[in-house]
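Sequence lines, in order, name chains L and W. 1 is the number of the first residue of the first sequence in the numbering used here; add one for each residue after it. 1 is the number of the first residue of the second sequence in the numbering used here; add one for each residue after it.
Hints are computed from structural coordinates only; laboratory data are not their basis. Treat the hints loosely; a few may be bogus.
Output of the computed footprint for chain W on chain L, the stretches with three or more beta carbons under 8 Å from beta carbons of chain W [to be verified]: (1) 11 to 20; (2) 25 to 33; (3) 37 to 44; (4) 72 to 81; (5) 98 to 104.
Backbone N, C-alpha and C define an ideal beta-carbon position, used for all residues, glycine too.
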Amino acid sequence: MSRRAETLLWVAQRASAAVLGVCVLVHLATIIYAVQGGLTGAEILARTRGNTAWFTFYTVFVIAVAVHAPIGLRAVLAEWFGWRGRARDFALIAFAVVLAGMGLQAVSGVFA
Amino acid sequence: MSRALALAHRLSGIALAFFLPAHFWVLSRALELDAFLAWTEQPAVKAAEWGLVTLLALHLAGGLRVLALEFLPWRDWAKGLAALAAGFTVAAGLAFALAL
């Protein structure tokens, strides 16, 4: 991979990390607030369905995760398993697409 | 401590990457949410949930430490940042355990 592409991945990893820093803090606070007193499907969906703000927030969250996780795994595969090259990158692109697809489907199921 | 935290940051990231597809799959089946929530009442699942939330807090704290070291003129603060990250992880883990 070219030096420029490597730099772009580094920037994408840090930029997505910055977005995720905010998203994970909000997500953790929401989890800790929501689990108090137990959870029911109806209670969760009554709070989430049709909520545009949370739909937007979790859409951004999923996209940032789909960028961040594969780039992180890329370094792990290279450094710990010696797997480099195009096959690894294609596998990680596939993983990114699966994460984004499944994540957006989950957001749509819970918030739309 | 900084090296241990860097390793923990990496291991938690790997664990979360494997967990995410399963998390998304469950949430996308919103109509079956109650059956799944009943399954999560088991003590072993509760313990796993606690582990996942703590791993998420750990990965967040470890990541913020990396961003601070790379982008802020705080290189001499490496030990302090590692302690801060560890403290945040423990606090988040305790808060979730108390809320369960």
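Verification of the hints:
{"no.": "1", "hint": "11 to 20", "in the structure": "holds (count 4)"}
{"no.": "2", "hint": "25 to 33", "in the structure": "holds (count 6)"}
{"no.": "3", "hint": "37 to 44", "in the structure": "holds (count 5)"}
{"no.": "4", "hint": "72 to 81", "in the structure": "holds (count 3)"}
{"no.": "5", "hint": "98 to 104", "in the structure": "holds (count 4)"}
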